[in-house]
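Enquirer: Here is how the chains run, residue by residue.
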Amino acid sequence: MRMIHDLVSQGAEMLLVLLLAPLLTGFVRKVKARLLRRQGPPLLQPYRDLVRLLRKDVVLAVNASWLFRAIPYIIFAGTWVAASLVPTFGSGLMFSWSADLIAIIALLGSARFFLALAGMDVGTAFGGIGSSREVMIASLAEPAILITVFAVAMIAGSTQLSTIAEFMGSSAVGLRVSLGMALVALIIVAIAENGRIPVDNPATHLELTMVHEAMVLEYSGRHLALIDLSSQLKLLLYLSMIACIFIPWGAAAPQATILSLAVGALTYMVKLTACALALAVFETSIAKMRVFRIPEFLGAALMLALLATLLRFVSGSL
Amino acid sequence: MIVLALACVAVLLALSPLAIALAAQPRGSGLIYGASFIISLALCTIALIDLLAPARPVFSLVLPIGLPWLGAHFRIDALSAFFLAVVNFGGAAASLFALGYGRHEEEPARVLPFYPAYLAAMNIVVMAHDAFTFLVAWEFMSLASWALVVSHHRDVENIRAGYVYLLMASFGTLALLLAFGVLAGAGGHYDFDSIRATPLTPLLSGAVLLAALLGAGSKAGLVPLHAWLPLAHPAAPSHVSGLMSGVMTKVAVYGFVRIVFDLLGPPEWWWSIVLLAIGGPSATLGVLYALMQRDIKRVLAYSTIENIGIIFVGLGLALAFKAEGMAWVAALAFTAALLHVLNHAAFKSLLFFGAGSLLNATGERDMEKLGGLIHRMPQTAAAMLIGCVAISALPPFNGFVSEWLTFQAILLSPQLPSWGLKLIIPAVGGLLALAAALAAACFVKLYGISFLGRARSAAASEAKEVDAFSQVTLFALAAFCLVAGTLPGLFIDALAPVAKTMVGNSMPQQAGLQWLTIVPIAESRSSYNGLLLFAFVLLSGSIAALAIHRLASDRFRRAPAWDCGFPDPDPVIQYTASSFSQPIRRVFGSTIFAAREIGEMPPPGSNVPARFVVDMHDPIWEALYAPIGKAIGFATERINVLQFLTIRRYLTLVFVALIVLLVVLAL
Amino acid sequence: MTVDALAAILLIPAVSAAILALMPDYRLTATLNVVAALFTFLTALSLFVVEPVSGQYLLVDDLNKVFIVLTTFVGFTTSVFSASYIGHEIETGRLTPAFLRFYHAMYQTLMFAMNLALVANNIGLMWVAVEVATLTTVLMVGIYRTHEALEAAWKYFILGSVGIALALFGTILVYMAARPVIGEGLDAMTWTVLVTRAAAFDPALLNVAFVFLLLGYGTKVGLAPLHAWLPDAHAEGPTPISAVLSGLLLNVALYALLRFKMMLAVSVGTIAPGPLMVVMGLISVIFASLMLYRRRDIKRMFAYSSIEHMGIIVFAFGMGGPLANFAGLLHMTMHSLTKSAIFFAVGHVAQVKGTQKIADIGGLTVTNPVLGWGLMLGVIAIVGLPPLGIFMSEFLVVSSTFARAPWLAAILVLGILIALGGLLMRINLVMFGAPKGVTKPAEASYVPMFTHLALVFMAGVYLPSALVSGFQNVARLLG
Amino acid sequence: MQHSLEFDVAHLLAGSLVLASFMMLYQDRLYSLLNVYALHAMVLALSVAWQALVQNAPHLYVTAFIALTFKAIIIPVALHRIIVRLGIHREIETAVGVGLTMMAGIGLVALSMVVMLRVTPGADALAREDLAFALSVVLLGLLIMVTRRNAVSQVVGFMSLENGLVLAATGAKGMPLVVEISVAFSVLIAFIVIGIFLFRIRERFDSVDIQALDRFRGERR
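Line by line, the protein sequences are chains U, E, P and R.
According to the working numbering, the stretch in the first sequence is residues 1 to 318, in order.
According to the working numbering, the stretch in the second sequence is residues 319 to 985, in order.
According to the working numbering, the stretch in the third sequence is residues 986 to 1464, in order.
According to the working numbering, the stretch in the fourth sequence is residues 1465 to 1685, in order.
Incorrect hints may appear among the rest.
Claimed, not checked - List time: in silico DSBU-like cross-link candidates among lysine-lysine, alpha-carbon distance up to 35 Å: (1) U:Lys56 to U:Lys30; (2) P:Lys1050 to R:Lys1637; (3) E:Lys687 to P:Lys1421; (4) P:Lys1421 to P:Lys1342; (5) U:Lys32 to U:Lys288; (6) U:Lys288 to U:Lys56; (7) P:Lys1421 to E:Lys948; (8) P:Lys1050 to E:Lys948; (9) U:Lys30 to U:Lys288; (10) E:Lys740 to E:Lys818; (11) P:Lys1425 to P:Lys1342; (12) U:Lys56 to U:Lys32.
If you're looking for bench data, these hints aren't it; they were derived computationally from the structure.
If we strip away everything but chain U, and leave its shape as in the complex, we get:
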């Protein structure tokens, strides 16, 4: 019974994130459009795009290798699994112990690894520029987020997301300087990782500025659909990660009743909406920065995270 229940909740989780991701992106786009006093695309537009892309033929570059065709599936699978391991409305996920926070980040890392390879496979200058910038950004973003994780984990005494969520939900935490810093660092990294303004602009195809789009320039049809879907999943993942670490209230405890699950789901929606709104506002209120300003941007995150780890002793002794 319990088993079934867990399996169901896990499966529900996976489906939920899969279904929720495009909606989230659509929502962000919509809000941004409205902030710019435009009508903007309808909320469900991303779904339509995906379906259309899936139906289309794939156009492969002449010297694209088998790896090029395999990579979209790898990326999608990796991101999906990672996203489904992050607690959303309930923290008692069946398989959450199979990968802790570090593993989830590493999983995204492998996805990025293959994406960068995909950029180089066809052998155009675009792909190269994208991949090289991507790895440069990642080389700063990954340590930043890992150290953030250290800070959080040292406070919560665990790298298990569900445990962290419970700890954060409990009253034991109190207000801590290091947590605030960790939050800021995490947000910066999230922006960078999802290629949002000011680091990258998902909506542009201007060679000099694009990173993510340059890598996937050669993709089309179902491959492109998968890659888009996985980036949407990634956005969802980060938002729900922030949500479950820093605003864990309302999430359903393990072995919760259906009611509490419902409550959890509701609060989760609210959280997501809030985050999305914040993101949209932020993106509209700031300009894209030069590529070589990004290191400084991320360096700040790195420093904040490091400070967070060190300051936790101070605030720990408070």
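For chain U, the structure is supplied; the task is to place chains E, P and R on it using the hints.
Expert: Here is chains E, P and R on its own, set in the frame of chain U:
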């Protein structure tokens, strides 16, 4: 047991004179490598039996050779058994690979005789149980590998590499000699048992630690003693490079562990600071150096420095926790380090063999002359891909597991009493994270430039897939990387006796846990299940593929790549190795390597080609090695006049000497 | 019977020297030379079987037995080498048969002199023997009569004879010190008596004596700063002589020093000879290893390496104590074998390439693999890499020193490292890289060279217990 | 009383030998150097003879005779011949100024005194004094070798050094067979070998000036 092992080693030693005779024959290399493959396998099994046998007895033996009144002591305890396994795992792989690769050797007489001797030497080092035998084997190992490094002696660079290598190796040996000199004390008891029996004052043991760090570190390639490594490892034939990077550096780690964890007695807490302060920067600097290279084998050599850094960080953590009496965490860190030893041996060998295959197929080590090889050599490309993912510490492969365990140990640092460690360890953790991210970048570059894209040279466009032996080796190693990544629990349990003997405790038994998860401390704290993760990814990936191909379209057509309206671009417009690392060079290199980009754009209309030069400096070489060289040169030049004096002046020397001595008497 | 063995060691070379001086044909003389050396060696071996009683003039004990056997053995192998070497010299016309007769006679005279120095029981007699040896080598160094050879011989001669004088003065002083105790006459110059009564001698006089002996015999040992004759003599003389010089004559002089050191060790109140020897040893090591870097002549380079090793040996004996003395003896033996082997190889190389200049020799392992790798092995041995004998002795020297005087050990290690760097830097391009210079096949017997190397290798792996116990006795004697 | 006479005479002779060495130090002409050396040898012969008398050791007379004939007559004459044959210019260019050399010589004598007088007077004073003088003669001989550039003058310096040795040897009472050794060797060295060498060198170079030799140093080809 040990008799058997020594017998195998003896056979290996006997092989090398045989090889001198066989080198001329066409079948010679096959015979030698085949034999060494079989023997290595045998030794590996012996070691595994020793390691895994429940309640294993400790085998030891004394032969009447070496120092007359000492004899040669040999012993296979848990530590030796583990490293014996690693050595022969690498040895077997290298021999198997060489069965194919060795056939392309143009001067086999310069490789074959030294290869078995080299293997034998490494085996003896890990089995030796007295200082003299240990040092003899240690230095003999360097000697044999030196001979292999200079085997392609027509290239002056290789000779120079060999020279630097042998010099540094002897330096290390002499450092170890001093270490043992202190350990043995005035009595001159060189066998390890009596060394353990004699305690040392804190000052002396500190000296031993430093000497051991110099000795073993110079062999392992810790920054700043690494200078020889990126020169020597690429110079050797690729299967030997694999051995040197994958195995010999581990033998050096063994030497360090043996001295510091076993012979030296209880550690002081500040020792760990020394290790962390060297290990962390080694990791980051090593991979940064690697990112700046174009030569594929040199990239791999530098990345070895990075991984050695990670291992020493693990050892440093183990020392810290051991010193503070938290044996269970020490066990975690120590196990992580040893696991990384094994993993690195696996994927570094794999990568070096892959590089060797490229070298055979194209004759090129410069990545900017390769490209598009995934089409020409699909098998090699597939195996190499796994190697690259594994060494980038990405799940579900083995590199990630050891790094994950190290991180878990780091996360326990707040429980340490000393504030220095509390503050340093997270910073070191940051360095490791940085190193991991950079490693990923580095291997995206390595793989993307040399295997993906379009061929940048004729050699690359006509490359042929390599022979069966090489492919088998590559895939075997790749499979190992996956297994070790998905079933780490087995390996952790196998390491339990080693940790038990070295740090006095071992990680909790992993075998019983559900779904073969690994749990370093407690499940509530952290757990990782590579198998399940792998299964999930595989499952969801294939489900997605199946669903899409079923429900949506599965058709595709070929078309030229998007070219911005400039059709048929030349392959040279692709990103090259150096342009790929340009952003990272801008971020890190400008400070560390004083990297400057000099671009000269001719005025419009003039047909002078535009020039773009990047000039970089090796800070460590210029700060440490160059001055020493200068000093020696200066001293020798100064003192050399003594060769050219007149007889009268020489007489004056004698006269003065006489007077001085007489004055000494008179006073 | 017993006396015969002892006398034979002296008589065989003496007589054969006389004969060789008269024989015209050089091939015959060469073979006779070999035969004589062989017989001497065999008689020397017989010393182990039957211990002759030491008379008033000659003596045999554990100490000089080691030296005698070593000397006669290397003398024998060198004679074999020189037989093949000299033939070539005749063909190239560097030597005339007339000179060759002289050469072989001198060779045996040298053997006689060295053996006499080793078995002499009388400090005067020993002095005479050492000087005869020196003078003969002076003549042999000058044998090519080129500018450089003559200059080397002249330098050797002047410095050598000053050494002679100093040593004689030291000897006289020892007699003066002994006379009041022992009384006038031969006894006051007889080892066996001196050692037993040394305790009563006047320490101040002994000190002065030792200073003179150290400088006098030290000149022969080639300690810096008395070394000046050594490199040129090695470089310019015929290679067999270089081998004998490095392998034997230095040892003989060292033997003399050790004898006197034993005597002083007995006497109380003398300044310990140890510190003096340690200091001179270290100076020699550092100096010689620095000198290695700028060498252009391959024989001169190895001559400097001889200075370095003599420094190590003297250092070891200076440190004293059973372990260090043992190490010193071992190192001395290994060095004689290795260095003479190296000089054999170098001789062949010089004949093949027609030059001794390092710059003109290249890729030897390509053109003459056997010779090249032989020399390489020798170099590996001489820089103290395992599994060859010198590694063992250096291990013992350093580690035994380290327990007592870490800083001295550190300096010594530094010197060894510098020397390794220098030798390898110089030898690398001789061995590897593209072949340079003429490439003739070497027509020479590698037997002596590889015999030595095999012995050195064996010693590095396994020392026969008889040898060990013998060395340990001697080490105890040396105190 | 008798003893003191022996002592004084021996002392006197030895002292005058040292004086002779100083005279040699002072000379800067080759001929005069040879003459002074002859004198040096004669004084030596005298002191040896005196030792023979006081030790009533007849074999020492032989030594004295050898010293007289060979060292005081034959060798100087031979060297004269050589100089003439080689046509060496008269002047000796001393490496160090005479004044400085004298100072150094005095210092050396003082040094040898200090060193020797530490010896316990348990041995008879005669030997002690003799040794002190002999040592200073030896050192002065070395000094001459060091301060002279010309080969012949170096040889002369060397022979005076030998004289010091002989003095010491004869001073040592009842020292067996060393007198013969030393004399034989001094003669051998001073005469035969140097003769050969000078001849060869004459054959090779135009002068015996060692700087000519020094021009041909192995490494400078």
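Enquirer: Could you grab the alpha-carbon distance between Lys30 (chain U) and Lys288 (chain U) and see if it respects the 35 Å cut-off?
Expert: Roughly 19 Å separates the two Cα atoms, so the pair holds.
Enquirer: Is Lys687 (chain E) close enough to Lys1421 (chain P), meaning Cα to Cα at most 35 Å?
Expert: Holds, at roughly 33 Å.
Enquirer: For the pair we were handed, Lys740 (chain E) and Lys818 (chain E), check the Cα-Cα distance against 35 Å.
Expert: Holds, at roughly 25 Å.
Enquirer: For the pair supplied as a hint, Lys288 (chain U) and Lys56 (chain U), is the alpha-carbon distance within the 35 Å limit?
Expert: holds, 32 Å
Enquirer: Against the 35 Å threshold, does the CA-CA distance of Lys56 (chain U) and Lys32 (chain U) hold or violate the hint?
Expert: Status holds; Cα separation ~29 Å.
Enquirer: Given the proposed pairing of Lys32 (chain U) with Lys288 (chain U), does the C-alpha separation stay at or below 35 Å?
Expert: holds, 15 Å
Enquirer: Is the hinted pair Lys1050 (chain P) and Lys948 (chain E) satisfied, with a Cα-Cα distance of at most 35 Å?
Expert: violated, 47 Å
Enquirer: Is the Cα-Cα distance between Lys1421 (chain P) and Lys948 (chain E) 35 Å or less?
Expert: Within the cut-off at roughly 29 Å; holds.
Enquirer: Are the Cα positions of Lys1421 (chain P) and Lys1342 (chain P) separated by 35 Å at most?
Expert: holds, 11 Å
Enquirer: Keeping to a limit of 35 Å between CA atoms, is the pair of Lys1050 (chain P) and Lys1637 (chain R) held or broken?
Expert: holds, 33 Å
Enquirer: What's the verdict on Lys56 (chain U) and Lys30 (chain U), does the C-alpha distance respect the 35 Å limit or exceed it?
Expert: holds, 25 Å
Enquirer: Could you grab the alpha-carbon distance between Lys1425 (chain P) and Lys1342 (chain P) and see if it respects the 35 Å cut-off?
Expert: holds, 16 Å
When the structure is compared with the earlier hints, a violation turns up for hint 8 alone.
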